[in-house]
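A.B. asks: Mapping to the working numbering: the sequence shown position 177 is 449, numbers consecutive.
Derived by calculation from the structure, the hints in this document are not laboratory data. The C-beta atom is built at its ideal place from N, Cα and C for all residues, glycine as well. One should not assume that every hint holds.
If you anchor each label on the Cβ, the simulated ranges turn out as follows [claimed, not checked]: (1) 343 to 403: 40 to 46 Å; (2) 386 to 409: 37 to 43 Å; (3) 404 to 508: 34 to 40 Å; (4) 291 to 394: 46 to 52 Å; (5) 288 to 521: 26 to 32 Å; (6) 347 to 403: 39 to 45 Å; (7) 314 to 409: 28 to 34 Å; (8) 382 to 350: 18 to 24 Å; (9) 291 to 347: 25 to 31 Å; (10) 334 to 509: 25 to 31 Å; (11) 436 to 291: 45 to 51 Å.
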Amino acid sequence: MPPFIVLDRIGMTYRAASGPVEAIREISFSVERGEFVALVGPSGCGKSTLLRIVAGLRPATYGTATVAGEPVSGPLALVGMVFQAPVLLRWRRLLENVLLPAELAGLRPADYAARARDLLALTGLAEFADKFPRELSGGMQQRASLCRALLLNPPLLLMDEPFGALDAMTRDEMNLELLRIWGEGNQERKTILFVTHSIPEAVFLADRVVVMGPRPSTIARVVPIPLPRPRTMEARASAAFGRLSLEIYETLQVKAPAAPAVPGG
């Protein structure tokens, strides 16, 4: 079966008032169906931009992106996106927030209510379905945003630093929650492309880590993560985990000439 995502020589240059700013250059890699791939790199190197190109939310300056065998030419319906902020509508109850993708797709929310409740139960939020976002903790709100992304059962999840604003303990809990929902060992699991600034988080979650260099960013290295699954917090204490984390850290230490700031990094 061909790769689910193929990026072929993707480049992106922004037009700024001071002149063009090259964000990413000649980015090429693929993601297999059901694979969990993490993107790490310095701030401003274009990780978020790359995610938006895959989602069809921003056209590349050059190169091609293919998802499920089709060139990306506009916003994709088969994608669920999770951002750093939960972005829940404060005037809507939790269940109504989770049902939002059905409304936006022109579907009958009532037809998806049972699935929405099942997702809330899966993430431990069943008893909070009628609560407003302000009544929930940050971790609970992020769980709800994950439920919302999964409502229409998309085969692809694009996650942009989704746990970066959480405290360390809640972040660890969300890592385990994500792996559980993703379904380690399940042959029908979703494909995930995950942006993070945390090297330990990338190593803990991913099958492979794509390391992006400083802007104009290229692929510095792709690091396979051969740690056994299912992953547990004890894995972080292993010598293999430490070795892989150090390998990625040392790759990121390679310096490049300073460049002007780029939006959407």
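A.B. asks: Determine for every hint whether it applies to the structure shown.
C.D. replies: Hints and how they fare:
Restraint check, residue 343 to residue 403: a C-beta distance of roughly 42 Å satisfies the suggested window 40 to 46 Å. A hinted range of 37 to 43 Å for the beta carbons of residue 386 and residue 409 is inconsistent with their spacing of about 26 Å. Checking the proposed 34 to 40 Å range against residue 404 and residue 508 shows it holds: the Cβ atoms sit about 35 Å from each other. For residue 291 and residue 394, the hinted distance range of 46 to 52 Å is satisfied, since their beta carbons lie about 49 Å from each other.
Checking the proposed 26 to 32 Å range against residue 288 and residue 521 shows it holds: the Cβ atoms sit about 31 Å from each other. At about 30 Å, the beta-carbon gap between residue 347 and residue 403 misses the expected band of 39 to 45 Å. Checked against the hint of 28 to 34 Å, the C-beta distance between residue 314 and residue 409 comes to roughly 30 Å, which is consistent with it. Range check, residue 382 to residue 350: Cβ separation about 23 Å, and the 18 to 24 Å hint holds.
Evaluation of the 25 to 31 Å hint for residue 291 and residue 347 yields a pass: the beta carbon distance comes to about 29 Å. Evaluation of the 25 to 31 Å hint for residue 334 and residue 509 yields a failure: the beta carbon distance comes to about 44 Å. The beta-carbon spacing between residue 436 and residue 291, approximately 31 Å, falls outside the hinted interval of 45 to 51 Å.
The structure fails hints 2, 6, 10 and 11 (numbered hints given earlier, in ascending order).
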